[in-house]
Each structure stands twice: as structure tokens, then as C-alpha cells.
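From first to last, the protein sequence lines are chains X and D.
When you line the first sequence up against my numbering, it's residues 1 to 409, in that order.
When you line the second sequence up against my numbering, it's residues 410 to 746, in that order.
Accuracy of the hints is not assured; some may be wrong.
[Unchecked claim] Subject to a maximum C-alpha distance of 20 Å in a straight line, what follows is the list of computed SDA-like cross-link-like pairs (lysine to any residue):
hint: 1; chain 1: D; residue 1: LYS570; chain 2: D; residue 2: PHE589
hint: 2; chain 1: D; residue 1: LYS570; chain 2: D; residue 2: ASN580
hint: 3; chain 1: D; residue 1: LYS669; chain 2: D; residue 2: THR687
hint: 4; chain 1: D; residue 1: LYS581; chain 2: X; residue 2: GLY93
hint: 5; chain 1: D; residue 1: LYS581; chain 2: X; residue 2: ASP175
hint: 6; chain 1: X; residue 1: LYS190; chain 2: D; residue 2: GLU561
hint: 7; chain 1: D; residue 1: LYS669; chain 2: X; residue 2: GLY93
Because the hints were derived from the structure by calculation, they are not lab data.
These figures come from a predicted structure and were not determined experimentally.
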Amino acid sequence: MKRKALALFMCTAMAAGLMTGCGSSGAKSEAPAASEAPAASEAAEAPAASEAPAASEAAASEAPAASEAASEAAASEAPAADTPANEIAKNDGEAISVGFAQVGAESDWRTASTESVKSAFSEENGYNLIFNDAQQKQENQIKAIRDFISQDVDYIILDPVTETGWDQPLQEAFDAGIPVIIVDRMVDVKDPSLYTAWIGSDFELEGKKACGYLKAYLDAKGYTGDVNIVDIQGTIGASAQIGRTKGFDDAAKANGWNVVAQQTGEFTQAKGQEVMESILKQSDNINVVYCENDNEAFGARDAIEAAGKKVGSDIANGDILLMSFDCTKAGLTDTLNGSILVNTECNPLYGPVLTQMIQKLKAGETLDHDTYIEEAQFSADDSVTSINVDGTDYPVTILTQEVLDARAY
Amino acid sequence: MKKFKDIDTNKFLLGITIVMFFVMYIIGMIVFNKQGFAKPQVFLNLFVNNAGLIVIATSMTMVMITGGIDISVGSLVAMDCMILGDLMMNKGWGAWSAMLAVLVIGLVYGSVQGFLISYLNIQPFIITLAGMFFGRGMTAIISTEMISITNETFSSIAQCKIILPIMGTMNKHGKMMYPFIYPSVIIALAILIIMFVVLKFTKFGRSIYAIGGNEQSAMLMGLNVKKTKFIVYVLDGFLASIGGILFCMNTMAGFVEQAKGFEMDAIAGAVIGGTLLTGGVGNVFGSLFGCMIRGTIESFISFQGTLSSWWVRITIALLLTFFIVLQSIFSKIKAKK
Chain X
1 MKRKALALFM
11 CTAMAAGLMT
21 GCGSSGAKSE
31 APAASEAPAA
41 SEAAEAPAAS
51 EAPAASEAAA
61 SEAPAASEAA
71 SEAAASEAPA
81 ADTPANEIAK
91 NDGEAISVGF
101 AQVGAESDWR
111 TASTESVKSA
121 FSEENGYNLI
131 FNDAQQKQEN
141 QIKAIRDFIS
151 QDVDYIILDP
161 VTETGWDQPL
171 QEAFDAGIPV
181 IIVDRMVDVK
191 DPSLYTAWIG
201 SDFELEGKKA
211 CGYLKAYLDA
221 KGYTGDVNIV
231 DIQGTIGASA
241 QIGRTKGFDD
251 AAKANGWNVV
261 AQQTGEFTQA
271 KGQEVMESIL
281 KQSDNINVVY
291 CENDNEAFGA
301 RDAIEAAGKK
311 VGSDIANGDI
321 LLMSFDCTKA
331 GLTDTLNGSI
341 LVNTECNPLY
351 GPVLTQMIQK
361 LKAGETLDHD
371 TYIEEAQFSA
381 DDSVTSINVD
391 GTDYPVTILT
401 QEVLDARAY
Chain D
410 MKKFKDIDTN
420 KFLLGITIVM
430 FFVMYIIGMI
440 VFNKQGFAKP
450 QVFLNLFVNN
460 AGLIVIATSM
470 TMVMITGGID
480 ISVGSLVAMD
490 CMILGDLMMN
500 KGWGAWSAML
510 AVLVIGLVYG
520 SVQGFLISYL
530 NIQPFIITLA
540 GMFFGRGMTA
550 IISTEMISIT
560 NETFSSIAQC
570 KIILPIMGTM
580 NKHGKMMYPF
590 IYPSVIIALA
600 ILIIMFVVLK
610 FTKFGRSIYA
620 IGGNEQSAML
630 MGLNVKKTKF
640 IVYVLDGFLA
650 SIGGILFCMN
660 TMAGFVEQAK
670 GFEMDAIAGA
680 VIGGTLLTGG
690 VGNVFGSLFG
700 CMIRGTIESF
710 ISFQGTLSSW
720 WVRITIALLL
730 TFFIVLQSIF
740 SKIKAKK
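Use the sequences and the hints to build the structure in full.
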């Protein structure tokens, strides 16, 4: 009997252990104010704010600390912006429960995105966030959505692992009457009304902004020589690659730039370096390199330096101009020291804008079905402070150590 | 003490698993009552989410009873999904013929592995490891892109909600929510019951247990060990393909990265359900409860809302250790006897 008793004891101990394991660390501290950190100028940019005319009173009345930081910049340049995009819309009354199905924690960008959402949907702001990390598995996200529906959450935010295979879970959420906001990746469903709204990056605009900067920069420097430009593309077929390449192609054609080579670097440093090395062997008149993310830019920089050339900002004297995207911490560090001329942001800080969207839904407003998140552009060179793309002005942030330190990722 | 020894090892391990599942579930209902853990849908979701896994775990149990193992199933599932997607979306096949093709591929896969394992006497681990690499590789060769399956027939089968008109609740959004399942759940449970009957009440099933218990004596008893093992792996490939189709009905997409580590989830489910890795002992219902325990832990984490989802792995690790220790205690007792 002893053994049986022992076995039973172990069994119950196990079950008890499970429960304490699940229950104990509930009150986990969350990184404070992570989302208010980005450069104040982002708030000033605020083109999206005009798309949001009657922003909720809750958001307008309770301006948190973020607006102080943004105030100097915002006051002059964005007079009509009633809600800066990086301001958290607090919730009055009963806490709103929000289920957030996140992809995972595979990159710094993703982690920054998670932290932004977590800190925006905090208890102090009147939300109850139910967070689920899918570990990069779609099947886990489908389970998470079903659990959110069972829990009867007020809203579901989904950052999908894949674009495909969402008809069934989204239909279930739709049947339950729960609004779903899709973040970052698009979803490929038969009926787009299954989800309430999508918000993500406008990759084509990112490409246009980068090229717009290059043009403005060359004009500002009075450079009239040939522009021999290389495009190191991202992974072919990725939405970031498609958009950024399109922006590039259009600008190269419009400005008469000579495209020396266009090859994929698969968004990695190793491949970016390899591609750049082989391109440098074939032609030595290259003076601009357009990399579609930071990792490729690091690889390209190494290849250029290994070939005995210099990356920098002085194109007239043989420097190669390096352009990059994403604005990771490492990428901006290189932008600050001048080896990357201009870095165009791919903004992961979805938290504040999501709170605004949810407050609008709560107030009974309808959202635009597809919206783009605002994104900044950084350069350490101060000769260009604003660029114009398709008739809209976008400011360029002059990167300093303070700006870099203030960023959340 | 005498009485204890008489208890069937198989039944006792199964009993512990079932009791543990219900204890965990009831604790969940108490702790997460406010969030609605007690709703019947939460329970049904264990089946809805894991229909594919249940079938795979069932077939894994059968393989493990013979003393073998099959770690190729995860890749096979990914390959099945990809082939389904490719045939239906790119090649214009009908849903039924695509599903039939996948089942045939499963049979072929199983036959090759079974032949090598039983007739050439190679370690099942090595052969199925090769099968695992092959399956994943072939999936990527077919396409590295995601293929979304929008075939009318396939999605109407997959998304046909079977609503149970009882215990409906009104949710916050003013919708009446009745519990529902998908056809995949019925298929999975049907296969589970068929496999239970096959293993318990047929000559083939009893041969499997005999081979797992002791291959030598099974041979001396006049059983055709090689043939039985071969059939086991063929059947395993076939069931894995059914599991793949059910998995695909849940995700509705083909993608290289799908179902990674699925074979390990199935093995964990079987072990937690009382199947011995050394063979001879196991029950498909135990594996069902093993999978459901896993699903319950996942629901706990997701209802709790702030814990990292990696805790699922950690708890499964603890549970596995617990059950392995329990099993070794049992085999010690047996040896003494």
C-alpha cells in the first residue's frame, strides 16, 4: 500500500505544482513607458491623425506624459492633429478585456512590438490584456483565438504568423461578435469583413521616402554626377521586399538613376555581404547602395570596406552612400556614426495606436478597414530635414545620441 | 500488498492519467470560472484544436506498443498539408482526389519505412529520422511559399460547424453561443474507437502487444513478427496521413514550417497516457487523455493571460518525468514479482 500511497501523493503534488506554477507570477511587472519613448517628432509627423477627425474624448482629455515630450515639435508642425499617434487612449469605466495573439519573440522588432502593446494595454490604463505567444506556430494562434472567444473578450488583436488559413478562426470570432484587429501582416481571407481592421507598415511608402531622401540629399549637396545605385533586395516575395523594391524601381526610373545591380540579400547580413562582394567585383563605379533592411546594410558595409572603399556621406569624393530600413538599435548606431546615410523606420510600436482604435470602436465609430502606422526616418546628416513624397511632406529626424537612447528598441 | 500486485499495470497507469486530467480540468473550472473555463466549448475545443494530434497519437501508441517509434509523422503531416494545398490550388485537383492522393502517399511512406524496419531489421528511430528529414525536405521542394487552401469542397467539409443545441450561453456581444465541433473531431474519435477495437479484440492487435512484450517469445509462439510489424508501420503511415488531413482542415494552409515537433507532442501524449517506450503496454484512450492534458495546460496558460506560453513545455516536461518515474516503479515491482 505504501507505494500506492506514494504514487497518489506524487500525483496530487504534481497537480498542485501545476496550479501554483500557473498562478504565481501573474502580477508580472511590465516595462514602463516603453511606448512613449520614440522620438518626439514622430508625433509631429502625425499624418494619420488627420484621418482620425473625431478622436475619442477619453484620449483627448487625458494627455499623458508622452504629449509633453512631443509638445514642442507637435505645436508647430501639426496644428490639426488632435491625437498624436503615440498617445495611449485610456479607458474609462469597466476594464476592457483584449486578447492579443502575438507571433512569438523571434526578433528585437517583435519584442519591441510586444512590449509596446503590453504597456499600452496596462491595468492602469483600464485594460485587461490577455497575451498569448504562439511560438511562431499558426496552430497555436488558432487555439489562442478560440480561447479568447471562450473567455468572451471584448476585442481580439491578431499579429498573424502566416497570411493564410484564417477563414475558420476569424469566422468563429465573427460569429461570436468579437471585433478582430489584424496587425502587421495582412491576412488572406475570402471575406475581408471577417476582421474589423488592419494596421501595418506601408512598405512602398518606406521605399519612396528613402528614395525621396536620396534625391533631396543629392540636391542639397549640389551633386550632379551619375548615380550608380545597387539594390540589395529582401527575401523575394516578402511584403517588405515587394513594397520597398517597388518604391525603389519607380524612383530610379523617375530620377534617371543607373541601376547597376538588383539582387536579393534575403534580409541577412551574410547574404548581404556575399551579394555586395560579387557586385563590387563586377563594377567599381557604384556610389549608392540601397539595402532593404539593416542586416543587409551591415553585410554590404563590411563588403565595401573589405574592397578598400569607404561608406560615408561625401559622394563627390568617392564615398559610397548606404541606405537602410527598419531602424533597429544596431542599425541606428551605424546611422549615428555615419556609415548608414539614411535609415527609414519600420515601426513596431503598435500599442498606443491600437488603444485609440479600440476606444473608437467602443464609442461606436467605424474604423478605416486598412490603415498604415506612422514611420519616421533618421539620418545623422543635417542637410535634409524634410522630404516630399507625392505631395506630402515627411520630416527627417536628425539622429543624435539622445534620440537613439530614447528609442524603445 | 498482494492485491496491489494483481492490479493490471496497463489499467493503473491509464487510471492515473484519466484522474489527473479530470482533477486538472476541475481545478481549471474553479480557478478560471470567471473567464468561462467551465463552458462546454472550452472542453470541446480540446478536440477541435487537437483532432489531428489525437489521430497521430493513436497511431503512435500502436507503434510504441510494438516497441518501435515513428518520429517522421510531423514532417509527414507538413508534407500532407503542402501536397493538399499544391494539388488543390496549383494543380486544380478536386478535394476528394487530393485527399485520396495524400492517403496513398501515407501508405507508400509507411510501406517503405515498414519494409526497412521489419524486413531489414533496422532501428525504427534511424529510419523514421530519415523519413522526418525526407518529408520536411520534400515539403520545401514542393513550395517554400505558404499555400492557402480555398477549395470550396475542402473548406465546406472543414468549416461545417456541427452545433449542439444545448447549454448555449449569451455572450457579452449579444450572440447566443452554442457549443460546436467540426467534422474533423468526429473522424478523429471514430478512428480512436476503431483502433481501440483493433488493438483489443483482433488477432492482429493481440499480436502487436505480444511482439512488444517480448519479440522472441512472440516468434516462438508462431506469430509472424516481421509481417505484423510491417503492417503496423503501413497502418501508421496511413493514419498519419489522416491526421495530416485533419490538421490541414484546422490550419487550411500548406507551409514548410507547419507541425514542427508534432511527433514529439504525439509521443508525449502517448507516454503520459501510459504507453511504455519499451513496448507491450499502452492504450489509445490513455493517449487521448495524454493529448487532452496537454490541451488543458495550453488553455490554462492562455486563460491566465500573462504567463509565457513556454510554460506549456515546462509542465509537459514535468509530467513526462513523473510518468516515466511511475512506469519504472511499476516495472521494478513487476520484476520483483
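Practice task
Measure nothing beyond the straight line between the CA atoms of LYS570(D) and ASN580(D); if it is 20 Å or shorter, mark the hint as holding.
Solution key: holds (18 Å)
Handout entry: Satisfaction of hint between GLY93(X) and LYS669(D), Cα-Cα up to 20 Å
Key = Answer violated: LYS669(D) to GLY93(X) is near 43 Å, above 20 Å.
Exercise for the section: For the pair we were handed, LYS190(X) and GLU561(D), check the Cα-Cα distance against 20 Å. Expected result: This hinted pair holds, its Cα atoms lying about 11 Å apart.
Practice task
For the pair we were handed, LYS581(D) and GLY93(X), check the Cα-Cα distance against 20 Å.
Solution key: holds (16 Å)
Exercise for the section: Assess, step by step, whether the Cα of LYS581(D) is no farther than 20 Å from the Cα of ASP175(X), and give holds or violated. Expected result: holds (12 Å)
Exercise for the section: Would you mind confirming whether the straight-line C-alpha gap from LYS669(D) to THR687(D) stays at or under 20 Å? Expected result: This hinted pair is violated, its Cα atoms lying about 25 Å apart.
Practice task
Would you check the hint for LYS570(D) and PHE589(D), treating anything up to 20 Å between C-alpha atoms as holding?
Solution key: Between LYS570(D) and PHE589(D) the Cα gap is close to 6 Å, so the pair holds against 20 Å.
When the structure is compared with the earlier hints, violations turn up for hints 3, 7 and for no others.
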